Amino acid sequence: MLSYIFRRLLMIIPVLIGVSILAFLLIHLIPGNPAVAMLGERATPERVAHLEEALGLDDPLYVQYGRFMGQILQGDFGRSIHSNSSVLWEMGQRFPATIELTIAAMIIAIVVGMGAGIISAVKPYSIFDHFSMGTALVGVSMPIFWLGLMLIYLFGVKLGLLPPSGRLDVTIELETITNIYVLDAIITGNWVALKDALRHLIMPAVALGTIPMAMIARMTRSSMLEVMRQDFVRTARAKGLPEKTIVFKHALKNAFLPVLTVIGLQFGYLLGGAVMTEWIFSWPGIGRWMFMAIGARDFPIVQGGILLIATVFVFVNLIVDVLYSYVDPRIRYD
Amino acid sequence: MKFLHNKTIFTLVILLAFTILVAGCGQETSSSGTNGEGQQSETPSEKVLIWGRGGDSSGLDPANVTDGESAKVTINIYDGLVKYQRDSTEVAPALAVDWETSEDGKTWTFNLREGVKFHDGTDFDADDVVFNFERWMNEDHEYHIGGTFDYWGYMFGGYPGVVESVTAVDQYTVEFKLASPMATFIANVAMFPFGIASPEAVKEHGEDYFKNPVGTGPFKFVEWAPDDKVVLVKNENYWGEQAKLDKLVFRSIPDNSTRLMELQSGTIDIMDGITPDDVETIKNDDNFQLTLRPSMNVGYLAMNTEKEPFDDPKVRKAVNMAINKKEIINAFFAGLAKTAKNPLPPSLWGYNDSIEEYEFDPAQAKALLAEAGFPNGFKTTLWAMPVPRPYFPQPQKIGEAMQANLAEVGIEAEIVSHDWTTYLHKTEQGEHDMAMLGWTGDNGDPDNFLYVLLDKDNAVAPAGNIAFYKNDELHDLLIEAQQEMDQDVRADLYKQAQVIIHEDAPWVPMSHSTPPIASKKTVSGYVPHPTGVEPLDTVDIQ
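Protein chains in written order, with this note's numbering: chain X, 1 to 334; chain F, 1 to 542.
Hints may be right or wrong, so weigh each one.
[As the list claims (entries may be wrong)] To give an idea of the interface, some chain F residues facing chain X are shown, with a C-beta separation under 7 angstroms as derived from the structure:
# : residue
1 : Gly54
2 : Ser58
3 : Glu90
4 : Thr148
5 : Ile253
6 : Met261
7 : Gln264
8 : Thr421
9 : Leu424
[Stated by the list, open to error] Pulled from the structure, derived: some chain X residues nowhere near chain F, Cβ distances all over 10 angstroms:
#  : residue
10 : Asp58
11 : Ile127
12 : Asp129
These are computed hints drawn from the structure, not numbers from a lab. Bear in mind that the values here come from a model prediction, so they are computed numbers and not experimental data. Idealized CB from N, CA, C, for every residue including glycine.
Produce the complete structure using the sequences and hints provided.
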């Protein structure tokens with residue numbers, strides 16, 4: 001197993017090199033350049049040229065790429081063209097916010113999704129089944145920004161129960177260690193901040209979790225149905241095992257593999273930063289950051305950000321693959 | 001199946017109840033955002049104003065930013081040598097108490113205010129002014145870092161540009177020597193990028209100074225959570241009248257609808273970036289008030305005078321009469337703009353109000369066209385930009401409306417569009433027949449509009465004067481005004497300039513937009529400035 005993990009880690013390197021080349025090329029080949037984006041109506045060729053020279057944008061592409069990779073290998077992700085701020089530092093400020101939102105969304109998605117999926121599988125074609133699968137369909141079809149705005153309107157404005165957007169009330173002080181507010185509040189024992197952070201987290205997590213929830217529900221249901229049809233389940237029932245044991249201990253474990261795949265993929269995808277959700281809920285994560293950087297052609301941010309997301313995704317996939325062998329001991333890596 | 005009842009359902013119900021409890025409990029404590037009942041970091045009567053805006057600051061070092069979002073924060077932290085009056089672009093003392101120019105207009109001497117301290121406790125004097133200016137203007141200054149100092153190069157003509165030297169004559173006197181007389185020097189120095197920073201802080205933080213700003217202004221910097229909020233507190237050692245607010249928070253809320261909902265739910269107190277659709281909602285809500293920012297921009301339709309038939313002033317006048325500006329403004333600006341008759345917005349000194357606008361008169365337009373030799377009109381192109389601009393919120397629709405107006409008098413205009421950066425590039429090269437464009441003023445000086453946009457010096461590709469309009473008489477007036485130090489004389493020269501421009505009609509001046517700001521009725525003392533940013537020291541909240 002360890003050698004397998006080691007080999008997978010080694011494979012990350014060529015993957016990341018490929019991703020970096022692709023990311024670099026894509027953002028540079030889009031028409032428009034950051035100097036013009038920054039200068040707007042005041043952009044004249046002289047001013048643009050001056051800015052480009054100062055930013056090193058007038059060098060040939062391969063030189064720029066070489067400079068970029070050289071810096072990355074030294075741990076320097078460069079500085080934003082717009083703000084001159086260290087890309088690594090900016091990522092460090094925003095990635096924890098995305099992690100927090102992603103974990104919260106996935107917890108909701110897994111708990112509700114698997115719960116609904118199991119119940120639907122156990123009572124197929126019942127009212128509950130039709131209702132939950134129908135809701136899953138609606139969930140997948142709904143635009144997130146619409147759902148988000150509706151949630152904000154209902155709970156934020158009309159009922160006044162939850163804060164409309166943001167991570168934390170501006171008047172609350174919280175010592176940030178990891179920048180994951182829920183975690184920091186627990187670590188520092190700041191219960192007021194914890195409650196407030198959770199209240200800010202609920203709506204965006206629900207909105208973001210809708211699609212994964214729907215997919216997990218459907219996958220759980222179909223996988224469970226297939227497993228429950230198998231002979232060994234009939235045998236177990238014949239043996240007189242309690243239904244709960246059959247469903248949760250035997251069937252679910254066997255049905256879990258495809259669901260784990262979906263969970264892993266969704267998790268990796270969400271960690272890439274859910275732009276729509278972060279936008280609607282004013283959540284300062286990396287999705288929103290990268291989206292703005294692409295529009296402004298802020299190359300270092302886009303390149304560094306894509307590398308980060310690719311790395312995270314690769315690691316998540318590796319963890320999921322390793323988890324497979326724990327869920328199903330028949331899967332072995334050597 | 002049986003196992004689903006009892007325990008599972010019970011657990012789910014408990015979870016649901018818990019969630020509702022948590023949500024409900026929290027509600028009492030957080031909705032009192034501005035009154036601070038039982039909150040941690042406030043004393044009971046602390047006055048906090050929360051401003052909701054669409055973007056985030058890109059930096060807190062004003063010399064290295066060009067965007068309004070950054071400026072609206074830094075203008076509270078820094079003072080310049082001079083500043084703008086609250087409601088106009090006239091210049092008033094700030095860190096300098098008075099100033100004088102030499103006869104030839106090339107030497108400017110500023111007498112500085114004594115007893116001023118930076119937020120880090122260091123004293124302010126002439127050496128600090130010298131440090132700041134040299135940092136901006138000399139590319140090899142040790143602290144010419146952290147950015148590209150764009151506004152310096154742009155307003156002063158390069159690095160160092162027109163400023164040859166800046167010296168501390170004594171502890172509270174600074175002298176500038178310019179390479180040539182520049183009447184707009186004082187207006188430039190009042191601009192937000194030229195706020196004076198503490199040299200100690202700049203040296204201490206180096207490349208990271210942009211997130212550790214230290215100025216002399218009415219508010220001090222506390223914290224900046226990127227893409228989330230910037231927090232400032234009152235400067236209790238301010239040299240001027242202290243701010244009424246104890247704390248000022250700028251929150252970034254990118255979605256327009258979310259931002260409005262935050263205002264409606266009371267979690268922010270004031271917001272900008274209001275869409276025309278939302279203006280009605282706010283107007284009809286008694287809890288809020290709408291303030292309009294006086295305009296410092298102009299949206300216009302330029303006619304390329306180097307291409308036929310726009311080389312004929314009769315044709316250009318006809319186009320002016322063919323377009324129904326009022327209707328367009330009502331339809332696409334939600335009424336949040338004034339019709340323009342001059343390139344200058346009315347808020348600028350030197351605005352010529354006695355100019356008579358070309359009336360909307362399609363019949364007269366047709367007659368003029370016939371006189372010019374186009375009784376059946378002609379075919380041409382009308383360029384419209386693809387992105388909303390402050391001066392044209394819906395450019396494609398506005399372009400189409402103008403196209404319809406022109407069709408009425410026989411002018412068939414095809415709408416042409418390119419992506420924004422390409423659009424700018426091509427119009428600068430003069431590839432268009434007619435093109436929509438606009439301009440937001442930088443320093444509140446008429447020169448910043450008239451010379452940049454309509455002088456023959458700028459009618460050469462890449463042109464800022466995209467009408468490629470060349471008039472020698474106008475040029476002489478504008479150059480004279482650049483070198484004349486007496487503002488009243490300059491104002492008169494600019495009024496004459498506007499008469500000439502109106503006669504020649506190289507443009508159809510369309511609009512001066514007046515962006516709205518919405519705030520709770522409990523907010524008072526807010527005076528929006530034409531430049532688009534203002535310090536909030538006069539603002540109060542109940």
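If any of the earlier hints don't hold here, list their numbers in rising order. 1, 3
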